[in-house]
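Asker: These protein sequence lines are chains A and B, in that order.
For what it's worth, this note's numbering labels the leading residue of the first sequence as 1, then goes sequentially.
For what it's worth, this note's numbering labels the leading residue of the second sequence as 1001, then goes sequentially.
Any given hint could turn out to be false.
Covered stretches of chain A (in silico footprint by chain B; criterion: 3 or more residues with CB under 8 angstroms from a CB of chain B, positions within the stretch not fixed) [said to hold, decoys possible]: (1) 35-42; (2) 45-58; (3) 98-107; (4) 126-136.
Just so you know, these hints were derived from the structure itself, not from any lab.
Every residue, glycine too, gets a C-beta built ideally from N, C-alpha and C.
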Amino acid sequence: MRIMKTIVLGVGNRILGDDGVGVHVANELRNHVKNTNVVIDEATTGGMNLLDLIIGYDKAIIIDAVKTEYGRNGDVKRIPLTEFSTMHSCNPHDVSLTEAIEMAKRMGEDRIPGEIVVIGVLMKETPREFKEVLSSKIAAAVPRAVELVLNEIKGVDE
Amino acid sequence: MKTVVIDPITRLEGHGKISIFLDASGDVENAYLQIPELRGFERFSQGRRAEDMPQITSRICGVCPVAHHFAATKALDNAFHVEPPPAAKKLRELLYCGYLIYDHILHFYFLGGPDFVVGPDAPASKRNVLGVIEKAGLDVGKEVIKHRAYGQKITAILGGKATHPVCGLPGGVSKGLSKEEVHEIKEMISSCNDFAKFTLKLFDDIVLKNKKYVDLIRSDAYTLKTYNMGLVDNKNKVNFYDGKIRVTDQDGSEVLKFDGADYAKHIGEHVEEWSYMKFPYLKNIGWHGLVDGKKSGIYRVGPLGRLNASDGMATPLAEKEYKRMFETLGGKPVNSTLAYHWARLIELLYATERAKELVEDHEITSTHIKNPVGSPGEGVGVVEAARGTLIHHYKLDKNGLVEKANLIVATTNNAGAITMSVRDAAKGVIKKGKVDDGILNMVEMAFRAYDPCFGCATHTLPGGMPLEVNIYDNNRRLYKTLKQNV
């Protein structure tokens, strides 16, 4: 069986409160994952830079805050990338990850992961204030997000 | 009353909100761009180790981590009373050129370019980088990707890490360059230089040879006569990394030139109740509301601000292009907001030429890259972020912990100008209450030219940080809300 090279990326800003939840999840995962075919990293970026980080892997798991009016604060959802109708880097100086992927494909890039999954921690609002700690509801979502990621990488050979 | 609200601005997904107020006949009376800022940075910084500031501040903004990193590092040089060795300054500036290269390429091809290359009135679905590639060709697309990545690679080699550098220390840098790395950077820079020339040619062919576009650039709706600000070297040439802050007036004459340390003497910050954003202005002229002209202290920063505030570029090809721009657009200063795009490409060319000089400098491989620090005090650091002048100011206690921190970021420096540009563009294109997607794009173009960053630190999926446009009628009742791509 072919080895599934997998990258797990905690996305967010660890100095911006709940926005950094993805990074908190990634840090927690380091205590659980010893599989050498799974790389765990963090990224405070989006769009083109995010694409640079996942290129070359068979599968990418992105853990991030998802701002939505639906669902409750702290719900955790597994969302295939294809289900995002729009996905902006909220950074105004970049394109969205889906746009970056589309562009790379047209350029003939063939190293884009076959499967890209988002483990989203839902929240109604993203923070506007600098702090390093998560709010209680979002902190409580971390174990669930860790569990979902572990599920995703279960099948990866060591 | 009628109010127009533009909801998400497609290629500028900050959390901005535009409110447009119409008069009884449906024409624009006023328009505001509101940008919710991130809060609490000063408090967040208090009590932190000064040496951590270059890393912490590089996370404030997902757009300009490199600029924050070096504004912070330079502020610490001053706060610890230490002058970095010449090689360290050159390494920092070389890294900085790499940042300008990828940042300016990204803006032209991905964000600003679609308006010109695809066309301002093309359908929204085509006005993106894919539309640009469709028009300019797949090969161009490949070159865009390649050279943006080169800029990133150069910053990663010098900075120790991609996107968020970790090399800046008070008194120098933590990492030098090996001969092999010099060789690698040289090759990338040479290729970037060719690509910058190609991009200017593309701009020439597609924009400058099209009378419709040139007329648009020169039109009143996109003209603003403010003061201009930027860092200059000792010959008054544009410099991104170091120098004095120079301000020129509406005739192109110098009105101020000062050390970054004196910024608070010259720059005031006005507060408007409808915006979180502060509006900086020149203290000697004063705040007289959101108006342009000599009597208003509002100034512009960023590529056009820098070119207007200087006497030229320090490298030969960029200098030639600099002269050509001013000759073509009617002399100095150029007040056309859309000329920011041209100025940005001239800076891209300069960054590649300057990087070539630096990487060929024999001192660049020196191992003397850090000097010992003195006792902690107070310091200001100023750099030119891709989108304009960026100021960091720290006061340290005797143990080297941060007591006070103050930042003026580039987009804040442009706040007054951006607000006026949005208003004027709206006035120019919205008549008798008629608003549609194409018209809104003309409004968006006014502030896209500045390449603003909306204090959004990172990225959140799906990134619901729309710019909403609310249009209000003359009774201040919501008339229309426009949202794209929500």
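Asker: None of the hints should be skipped; say for each whether it holds.
Answerer: Verification of the supplied hints:
1. 35-42: violated (count 0)
2. 45-58: That given contact holds, which follows from 7 residues of the stretch 45-58 of chain A lying within Cβ reach (below 8 angstroms) of chain B.
3. 98-107: With 6 residues closer than 8 angstroms to chain B, the stretch 98-107 of chain A meets the three-residue bar; holds.
4. 126-136: holds (count 5)
Hint 1 from the earlier list is the only one contradicted by this structure; the remaining hints agree with it.
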